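There are 4 protein chains.
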Amino acid sequence: MRKIAAITGSRAEYDILYPVLKLMQESVQFELNLIVTGPHLSEMYGRTVENIERDGFTIADRIYNLVNTNQKIGRIISLGNQIPAIAQTFDRLKPDFVIVVGDREEAISATMTAAFMDIAAVHIAGGDIAKDGNIDNAVRYAAGKFAHIHFTILEQHKKNLIKMGEDEWRIFTVGNPALDRFVTTPYLSIRQLSDALHFDLDMSPFLVLIQHPIITNYEQEAYHIRQTLDAILETGLKCLINYPNSDPGNYPLIEAYKEYTAKNAHLFLFQNLDRIIYVNLLRHAACLLGNSSSGLLEAPSLGLPVVNIGPRQRGRVHAENVIFVDNKKQEILNALNHSLYNDSYRSEVKKCKNPYGDGNSAKKIVNILAELPINSALIHKNITY
Amino acid sequence: MRKIAAITGSRAEYDILYPVLKLMQESVQFELNLIVTGPHLSEMYGRTVENIERDGFTIADRIYNLVNTNQKIGRIISLGNQIPAIAQTFDRLKPDFVIVVGDREEAISATMTAAFMDIAAVHIAGGDIAKDGNIDNAVRYAAGKFAHIHFTILEQHKKNLIKMGEDEWRIFTVGNPALDRFVTTPYLSIRQLSDALHFDLDMSPFLVLIQHPIITNYEQEAYHIRQTLDAILETGLKCLINYPNSDPGNYPLIEAYKEYTAKNAHLFLFQNLDRIIYVNLLRHAACLLGNSSSGLLEAPSLGLPVVNIGPRQRGRVHAENVIFVDNKKQEILNALNHSLYNDSYRSEVKKCKNPYGDGNSAKKIVNILAELPINSALIHKNITY
Amino acid sequence: MRKIAAITGSRAEYDILYPVLKLMQESVQFELNLIVTGPHLSEMYGRTVENIERDGFTIADRIYNLVNTNQKIGRIISLGNQIPAIAQTFDRLKPDFVIVVGDREEAISATMTAAFMDIAAVHIAGGDIAKDGNIDNAVRYAAGKFAHIHFTILEQHKKNLIKMGEDEWRIFTVGNPALDRFVTTPYLSIRQLSDALHFDLDMSPFLVLIQHPIITNYEQEAYHIRQTLDAILETGLKCLINYPNSDPGNYPLIEAYKEYTAKNAHLFLFQNLDRIIYVNLLRHAACLLGNSSSGLLEAPSLGLPVVNIGPRQRGRVHAENVIFVDNKKQEILNALNHSLYNDSYRSEVKKCKNPYGDGNSAKKIVNILAELPINSALIHKNITY
Amino acid sequence: MRKIAAITGSRAEYDILYPVLKLMQESVQFELNLIVTGPHLSEMYGRTVENIERDGFTIADRIYNLVNTNQKIGRIISLGNQIPAIAQTFDRLKPDFVIVVGDREEAISATMTAAFMDIAAVHIAGGDIAKDGNIDNAVRYAAGKFAHIHFTILEQHKKNLIKMGEDEWRIFTVGNPALDRFVTTPYLSIRQLSDALHFDLDMSPFLVLIQHPIITNYEQEAYHIRQTLDAILETGLKCLINYPNSDPGNYPLIEAYKEYTAKNAHLFLFQNLDRIIYVNLLRHAACLLGNSSSGLLEAPSLGLPVVNIGPRQRGRVHAENVIFVDNKKQEILNALNHSLYNDSYRSEVKKCKNPYGDGNSAKKIVNILAELPINSALIHKNITY
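Protein chains in written order, with numbering that gives the first Met the number 0: chain P, 0 to 384; chain B, 0 to 384; chain C, 0 to 384; chain L, 0 to 384.
I should point out that these hints are in silico values taken from the structure, not numbers from a laboratory.
You may find that some hints are simply not true.
Any copy will do: because identical chains look the same in the list, a pair fits if it lies in one copy or spans two.
Claimed, not checked - Heads up, simulated DSBU-like pairs for lysine-lysine below, C-alpha to C-alpha not over 30 Å straight-line: (1) K362 - K93; (2) K71 - K257; (3) K93 - K71; (4) K352 - K257; (5) K2 - K93; (6) K2 - K71; (7) K2 - K363; (8) K162 - K262; (9) K71 - K328; (10) K349 - K328; (11) K327 - K362; (12) K93 - K21; (13) K363 - K328; (14) K158 - K352.
As the structure is a computational prediction, the values presented were derived from the model and not from experiment.
Let the sequences and hints guide you as you build the complete structure.
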């Protein structure tokens, strides 16, 4: 029986981890220990640890490391805070594998801690590149240098890691596990959605907006989000807005949302949409806007058009369903109109193939981790150029 | 005037930094702030912060982060402890550049902290590779992903960084700054050395031994060091032994040294040799043994033969003066005899060229940092494959 | 010149410290270093560090220690986080005196850190007792055991400290320094207040409400605050509500405020009232409600009636201006009516004497700290029963 | 079944806790969780966590918080480091009672953490006073303010706590639990001791020395310990010396021990004597020297004379077996001669009564904790003067 320590700090990570965790929980080959940190434990970000518990997981340790500030220094202090805590937990559990996802604080702190303690670190969704000069790239690649096994989403990501000097045998392209859950999410009708959201989502087309702050230019967040909201108002369509993540710069977004929703009966703001609601909103939406990775990673499985605003997802692999625009009202509006009313475009999007996976990623990961030899060759990486 | 925050945790780092710090201190173009951490502040490692102060530097902040344990968990907890502390200091100083060296805890924690805070991080001696699967490699490369400017020692290191995806314009090959101080260290005669060390270092040839623990097999340290010490005893020569660094596994080395020096009048143990003494010992020594990087990096400038024992330096660029052997008494003894008594080898070594630099590295670094534009292109790294 | 390190985490502390800090800043006998922590640095609590800078102070160090959670564990982790940070700052500054106030995290962590480092710790406003079993009592008394000099507000507090085993010569009753600034705050007319607040505060009487959460029963906060708000609505008077402090349990208060103010045009919510506005609101208010210490400590200097709700201030010394009630609508309403409409009570309150001081506390503190011998007898407390 | 979290950082604490832990481990009424911190986990202090495991306890969490330095700042940083770690462990375990002992870092950090988290904190050995102005007093009393239940060793300690404002019903005088183990330690003959220690402890009288550093004057440690060692040499008796604890100032003690034992065949140094060896050494010793609390707390149960050197134990309750002297060679020698050769003194000491207990303390503690109601009155302390 292999002992697993999986770490998650935010809902986005958890969504990717969930199908892997669920398979491990149901398997006799694994003992799963789930460590929950940061935003999951903060009421300001919806205290999503409770969603995790409702999903049937017990929590091995809660690490309260998130510093309450909007300054740039906040993330790195939060990161430092959690390292001794994670090390203490690893020392108690003595896991065979540590599992993390992506490019947030937990990715670097958990892989680094594991590497220093001679524990095999598994990194999901590494090798990716965002082109905007965000700290996320550095975190993702540094985590990759500490990790011993990589599960990449795209074949291109695997090639990136190999160029970085990672051994090919350590890397497995499996697609995005989040899709496993996404495609199997139970269906809700418009009626059921309306009941769940306590307002009438009638048959008319509606939009969904999710915009996360860009750390590298968050002084302009307030201006940029107004460009988006003004474009949305011009369509005359309903728009459901979800809260941004916990990065610095999210306050001006939240303020703008409150101001616009207070004045416009067509706009609706939600702090923490249940996953099942969110997925079904995408199933019924006419278009997704913003800069959530969901537009690239999940929307193509639904044939949903996406208007991606600003630099956050630029340069990432995507299907035909995404139009990239700048934070300018007219560009956004044009792309929206194309996405909503151009029939040939809409039918092309309808049948696009999702480059990010087929819904079987978690099974691939779990099978590999059940068999992989755990030995010195795994733990002690020789870098060979 | 550019504000600098330089960080050093151990004497080895400080030796590389010193010539850069000294030039900056003497220049009107820089305001130097020196942050001292970890082993520098521990009596167990000679409390070398006092050497730094004797060198004429004032300390901007002392960070007491080193955990008192020999377990593997110690280094990562120490690393975590210092991140909030370093962030606090950067927040107060608001430096233009953060400068670190090499592959220890400070290299990763300071570059990462700087990157999260949008401060330009300068990494000296990156791009190097050690072939033994040590955590140092991962630390050095991860630090490289967070750094904005690289000063590499060898042209090969620059190529490694470029393969890792670093922009070529960010990388400058300058050689090893430690050599600047090394080659200009005042000369001491055998008589002066004897006076300084309080024992008679007569005209007969003598050896110098520095062996650091190997984290990945520290269970065997006790056995390995005895192989070395037994080989030394067979030569019948005097041997001056310097303490190992603070890594886990150093206790068995220290114990063996104490045991052997108590019994053998030819062996002498020193906890913290002054730099000037150490350099002049190398000038007069017949051979250097062990696994200190000094054998590869500095000894060629003196034409000094080196017997490098064990895997710690394997695979690194070196001049003709180094013979690599395993931790086996007979191998060590053979290499020692070759180094000491083979005249053609000794004359070849005498005139070897040091691939690690020419004594002008610090000046190159300081000139570049005085002129480099500090702007968004520097701070926000676009990774482009 | 005596070097001072003063620490403040929250606005309430800062209000008490301010007159002392201002006198020290203007004096040639002191070098003032102000360390700012926790809620001061959080946007959620108004980022009051900016108010401090606007008051003309430079910040010696910013300590980002506040954990973003509403759970009980948050305060103690925040407290632990700041201890190494405070120690690092003390180690750099080497102050003659450390100054803290009251019963929050900073009081215990700074006095304890100073005591371990053999630095004289000055505790303002110790010896007080709140009767509700709150953790504040334990913090205040534990801070008192670590402090070397006490400036108490009331003579009774001095007696309490003596019973606790503190030497009498270490304790000086000086009153509450916050009153120094309070009584000298520039006067604003109703017109000026209206302009500053951007709404018309006409000549009709108005109420002010400040309610902080009670940690020991924060599950009931939502219910209790509704009792208060319903009572206020019945009076038909305007009410200006100020945000609660950062303790766990403040979220339900904020939510209730948002809900009620959205529906009632008579209620106004403010996140972070400028001190000058707040003081002048009290000057013009008909009655203050809630459980802020301001009602006991400051309101009597203005002859302002106070309805104190719930257990938070119970058992503290107070003038005739305070009526204590439970969290019950009818009790609150009765006390409000008495405070607003009983003429003999109002005229008695008008001329009540403030037991908490006369506006000269800071001068007394500064004079004592300028002269006090700093020696081993001060630093090494002998406890003698 | 009541869930217990007991915390111990040093061997001295553990010796007091052991009988309580053992009874709890054997009882069906308790689930015991033992948290091990600081010096227990450091090789420099004998890595005594391994002794604890050999005693049959499993470790719930290991907290690596001890900073590697001899400076005063070390203890407070170590203390701060462990607070978030302890809080995390409490959050996972959700204990009914937290148990700590005495006046070290763990006493204050664990009681404080428990109090902030509304967990009942049990403090053993509070209310005591040492007269030397040591930080220990402040720690012990501050811990007392955070604790909810006190088990005092002496009736006088209970009275001290009551004067401090603690409710009488929270305090139980039970004696020192360490004595429970002490008096039941299996007997070893001189022969068995000699075998265990690997040297011949013949029938001639011998001394035992344990001296801990005094933080408030550790600059003088080197001089003081030489006074003691010189006095011992004059007696011509064998002396077995045990290592000091981990406080700052212990390095000069250790150095002096090494120097003297290297030169004097009568002196023997031990880094970490097994408890059973130590107790039987006291049973056979002619006299105990130094400043260990063992002389006051345990020696009277054996009728063993003690020469207590320096201020560390001054002013504490003791039986007739202790002579207090200053750190002066002649005073020490006189007291030694009196203790060794004055027959009437020796026979008086032989039959003295131990004021610190009768060997049944742990049973009393465990019985009380099994029955005590855990409710709001216990957790929320009302301080009433």
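Quiz item: From the Cα coordinates, with 30 Å as the cut-off, is the pair K349 and K328 best called within, between, both, or neither?
Solution: within (26 Å within a copy, 59 Å between copies)
Quiz prompt | Intra- versus inter-subunit Cα pairing at 30 Å for K352 with K257 | solution = Neither: 36 Å inside a copy, 46 Å across copies.
Quiz item: Between the shortest in-copy and the shortest cross-copy C-alpha distance, which are at most 30 Å for K327 and K362: within, between, both, or neither?
Solution: neither (42 Å within a copy, 47 Å between copies)
Self-check item: Alpha-carbon proximity context of K71 and K257, limit 30 Å
Solution: Classified as both: same-chain Cα gap 24 Å, cross-chain 29 Å, threshold 30 Å.
Quiz item: Can you tell me if K93 and K71 fall within 30 Å by alpha carbon in one copy, between copies, both or neither?
Solution: Classified as between; 12 Å across copies, 33 Å inside a copy.
Practice problem: Pop the pair K158 and K352 into one bin, within, between, both or neither, using alpha-carbon distances up to 30 Å. | Solution: within (21 Å within a copy, 38 Å between copies)
Quiz item: When no copy is specified for K362 and K93, does a C-alpha distance of 30 Å or less occur within a copy, between copies, both, or neither?
Solution: Within one copy, since 24 Å is at most 30 Å while 35 Å is not.
Quiz item: Between the shortest in-copy and the shortest cross-copy C-alpha distance, which are at most 30 Å for K71 and K328: within, between, both, or neither?
Solution: within (28 Å within a copy, 44 Å between copies)
Practice problem: Can you give me the call for K162 and K262, within, between, both or neither, at a CA distance of at most 30 Å? | Solution: neither (52 Å within a copy, 53 Å between copies)
Quiz item: Which holds for K363 with K328 at a C-alpha limit of 30 Å: within a copy, between copies, both or neither?
Solution: Intra 43 Å, inter 49 Å, cutoff 30 Å: neither.
Quiz prompt | Same-copy or cross-copy closeness of K2 to K363 [CA-CA at most 30 Å] | solution = within (18 Å within a copy, 41 Å between copies)
Practice problem: If the cutoff is 30 Å on CA atoms, where do K2 and K93 land: within, between, both or neither? Let me know, please. | Solution: For K2 and K93, the Cα distance is within 30 Å both inside one copy (8 Å) and across copies (24 Å).
In summary, the structure is inconsistent with hints 4, 8, 11, 13 from the numbered list given earlier, while agreeing with the others.
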